[in-house]
Structures are given as C-alpha cells and as structure tokens.
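Given the coordinates of chain F, work out where chain R should sit on it, guided by the hints.
These protein sequence lines map, in sequence, to chains F and R.
Per our numbering: the first sequence = residues 5 to 290.
Per our numbering: the second sequence = residues 98 to 399.
Derived from the structure by calculation, the hints contain no laboratory data.
Wrong hints could be hidden among the right ones.
List of simulated lysine-lysine pairs, BS3-like, C-alpha gap at most 30 Å [as the list claims (entries may be wrong)]:
no., chain 1, residue 1, chain 2, residue 2
1, F, Lys234, F, Lys140
2, F, Lys234, F, Lys116
3, F, Lys75, R, Lys208
4, F, Lys204, R, Lys208
5, R, Lys362, F, Lys193
6, F, Lys193, F, Lys114
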Amino acid sequence: MINKNDNGLLGLYIRRAFSYFVLIFLMILCLLPFYILIINSTRAHPDIQKGFSFLPGSYFVRNFKALLADKNLPVVKGTINSFIIAGLTALLTTYFSSITAYSVHVYDFKFKKVIYSFILMIMMVPTQVTSLGFIKLIRDMKMLNSYIPLIVPSIAAPIVVFFIKQYMDAVLPLEIVEAARIDGSHEFKTFNKIVLPILKPAIAVQIIFAFTNSWNNYFIPALVLTDKDKKTLPILIAQLRSADFLKFDMGKVYMMIALSIFPIVIVYMFLSRQIVGGVAMGSVKG
Amino acid sequence: MSKKKSSCVRYTKWGYIFLIPFFLVYTIFSLIPLISTIYNSFFENYMSGLNQIGPTFVGFDNYIKLFKEANILKYTWNTIIIWLLGFIPQIVVSLTLAAWFVDLRLKLKAKGFFKTVIYMPGLIMAAAFSMLFFSIFSDAGPVNDILMDLNIIDQPFRFLANVGGTRGLIALMNFLMWFGNTTIILMAGILGIDTSLFEAAEVDGARAFQIFRFITIPQLKPILVYVLITSLIGGLQMFDVPQILTNGRGLPNNTSMTLIMYLNKHLFSKNYGLGGALSVMLFTLTLALSLLVYRIFVKKEN
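Isolated chain F, as found in the complex (with noise of 0.2 Å):
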C-alpha cells in the first residue's frame, strides 16, 4: 500500500516537472521575440548586422530620433491618428452596443427574439467579404481618406452586443429598471445614469478590446485611407516592408515595431486579470 502511494506520488512529481519544462518552453516561446526586439530597437544598425547580442545597446534614445526624423514615414502622425479612430471606435462600439444588448435584455416586443437570433447568426461573419461593396459604397459617398468609414460601422458590433447581453443576463435584474420606472425615471436616463454604471466591469474590457482591434487593423484602413498624412501604425508598417529593405537602418525598423506593438503591452500589464478574466466570461456560457 504505501509502496503503490509512493509510485503514485513519484508519478506525480514527474508529471509536475515534465508540465513546468512545457510552460517554461512555451513561455520563452511567446516572449524570446519580443525579447529580441527590445534589444534589437536599442542598437545601432552596423552592430545589428554584425550578429545577435543578448544584451542591450545604448542606441535606443538615437533610434527613436532616427524614425521620428524620418519624412517618408510620418509616424508621429500615424500614432495620432491610430489613437483617435481607436479611441473613437471603442467609446462608440461599447456604448451602443450596450444600448442594443439593453433594448433586446429589458424590452418585450414582438420581433425580439428574430433579432437577437439575427445578430447571434451574423456575429461570425467577417468584414473582409462584404469589402469590396464597403469600399465601393465609400468611394460613391466621397469618404476616401476620412475616418467616418473607420470608425462609425462599430456602431454595429454583433459580437459586443453579444458580450454586453451575457454580462447583463448575469447581473441585471428587471426589477432594478422596473424600480427607476416607479421613480419616475425616462428609459434613456435609466440606462445611462443606473445601467451602464452596473454594466461597468464587462464595457471595462469590451473598450479594452475594441481598442486594440481598430489599433491593429489593417486591412480596411489600408483601403480606406491613402493620404500620407492620414495614414495609421499598421499602413505605414506595410509600407516600410514594401520599401527597399535592404537600405534600411535595421535600428529604426524595430523601433517602429516597437512603438506599435508596446502601448497595447503597456495596458495589458496593468490590466491582465481582467482581460484574460473578460475571455473565459464571454466565450462560455456557464
């Protein structure tokens, strides 16, 4: 007996290990890239080229220089502009997305359950093969070059409607807006003053989401704005590949990556619990 529960125990220190040295493996997986883009976007172009060094250079404040002095890549601008269709894009997708979720969570009319099944079916399917009517639509209304296009179809998100409606099936009794109607409250006011503060924790992450997605993307802008001036962080990533590569200050190109890729790493160090949390609640349904 307690042979077989020393076996059993031995079992279970190897089985622990051998978990431990996959975690690590992956682990150094995920981030030896990142790694090696931080060192990288702090040396200098000739000591890139002459081969890989695990420590860092002294060439960070000078590369960073380097790209912002840069004319063809005005990426300062595309920093600004990245972060206003960003941050406009996720006000507005968490705010009626939570508006839409509400009238399909509180109201009882008669197409209700047509149109939450509606929005469920259409959640999965993708901007990319509606783009060639999209892109013509917006060549007819003159918006090439605008945000509008960017920014105004998050109105409609099915997905965050999705979310929102789960999140509210989970804290958002009738009786709370059957108490503000007692009170006299109008439903636009109930809704902004008494539910979306309930609905905080869930909009929280959607807005962290729906930030990063319109940071990142780059498939729709790309179509949409052709203005030098316009263009966002993943437009001119594209064109500094396209470019001649071989000319370029190696320094620079990672530090451009990096100036893309970290504002998004910055808020997912604070904010991971919850965001890593926001996934597990929103694809299952418990």
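Coordinates of chain R only, in the frame set by chain F:
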C-alpha cells in the same frame, strides 16, 4: 387595466428606438455592401491598362473564370494547409495546458502568470508581429545568427525562400497568437463540467489520462467544435501575417498566397467582377460556418 397596458406600450416604443442605431449602421455599412458585392459579381468590370472594361452583365462567368483561370483552388489549398499547420499544434497544446491548469492533483503554481504570458501575443498587432518575424528570420537576422553561433547550421537558412519555411513561419505566428486564447476558452469549458463526474471517476480509480480521455473530451465536445469552427472562419480570413511577411506577393511562387490576399489584389486593381465572385464564395462559406456556431449556442441555451 387599460392604463397599465398603455404604459407597457409606451416602454416598448423605447425598445425599438434603442435598436435603431445598430440596424441603421448595419444596413448602411454591411447589408448594402453585401448586396452590392453580390450584384457586382455578375458583371465584367475591370481596368485593362488604362481602358475600363465593362461593366457588362455576364451572369456566372466570373465564377467560372475564378475556377478556370485564377488558381483559386491553389489559394484555397494554401489557406487551408497554413491554417492546419497552426491549428493542429494549437488544439493539442491548448487542450493539454487547459487540462493541466484545472488539474487539482497537479497543483501548478503561477498559473495566472503563465496564462498572462501565453495570451499576450494574441493582442499584438498582426502586421507588426509579422514585420518582427520578417526581421528576425531574415537571412542575416538574429535567428540565423543564434543558430550559427550554436553551430547548428553553417550557413544562414533562407526561411523565406523556402515553401516550408514561409508557410511554417506564418503557421507559427498564428499558433502563438491564438493558443493562449484557446487555452482560456477550453479551461472555462472544463471548469463548467459537472465535478461529480470527475469525483466518480476518481473513486473508480481512473488515471489522469483516462479521466481526460473518457470524461473531459466527450463533455467538452460542443466547445471543441466551437473552437474548430471559429478558428476555421479566422483561418479563411488570414491576411495580415502573410501579406506583410511576403510583401503581398505570396512568395515563393504563390505558395503562401491566401484567399483574402488574392481578394485584396483585386480590390486594389479594381477588378470588381472577379473580386465580387470571390467575396460571395467566401461569404457563403463563412455564413454556413457561422450558422453551425449559432446552432451550438442555441443548443446550450436550451
């Protein structure tokens, strides 16, 4: 009584009003483009040099052309094979990690930390991630430097001049960007399984692997199907990573040209007929897959 009814109607009105923004915007920016895409797929409409050809109604000619001249089967195959190269390791690794994370006997430490790290690549800008891989896997890049320093190879390995190298890198990036997300979804799924099933199995003396094989996997089936289909939908949309990695050319020799990269080419060259036909095919395919996902949701609600 009548007063109550009228107040109910008064509230219902707001239900409709709150739906207006969603459906207005959806109609303008998704439904009308969809109809226009379908409409355009029946017309010959492109630029030949400086000459505009069409638009002329040609029926299903664009669809036929897509299969006869455009190598569409090759691009579909590229997309599927690259997706599979990333998805198979992804599902295996994610299932294993999810099972470990929830295993009470294994009692892994720092789970939160590991989850945080493996989820991070999924939030990174795919375009920047791909540019990063292009730089570090280039002929004179850090990966080749390291491999040569370790004497694993004598000469730089030209990843991007090689079919397997290019497809492998795209698949590796897809894997890194998605396995954390999949792990978290599967974990939530395993935690949702009735614990008495596990307890009963332990009382019966089942080993960890037997529990995994005969309880976890069958109970997890709807979520596994969900992961499979959403990943396939995502795979069909594969664009940013191969587009940046190969500068939109799908090198070497079009072996990494995906369906959306091909669509993107037509959007830039304004070949609306062929682009439309391709879009309609992709729309039909993704809609069918979406309906499968929808059925899983409906089943779970009941």
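Here is what the structure says about each hint:
The straight-line distance between the Cα atoms of Lys234 of chain F and Lys140 of chain F is roughly 19 Å, inside the 30 Å bound, and the hint therefore holds. Simply put, Lys234 of chain F and Lys116 of chain F have alpha-carbon atoms about 41 Å apart, too far for the 30 Å limit, and the pair is violated. Distance hint between Lys75 of chain F and Lys208 of chain R is unfulfilled; the C-alpha atoms sit about 46 Å from each other, more than 30 Å. For the hint pairing Lys204 of chain F with Lys208 of chain R, the CA-to-CA distance comes to about 26 Å; that is within 30 Å, so the pair holds.
As the CA atoms of Lys362 of chain R and Lys193 of chain F are separated by approximately 48 Å, the hinted pair breaks the 30 Å bound. Our distance criterion of 30 Å between C-alpha atoms is met by Lys193 of chain F and Lys114 of chain F, whose separation comes to about 24 Å.
In the structure shown, a violation is registered for the earlier hints numbered 2, 3 and 5, in ascending order.
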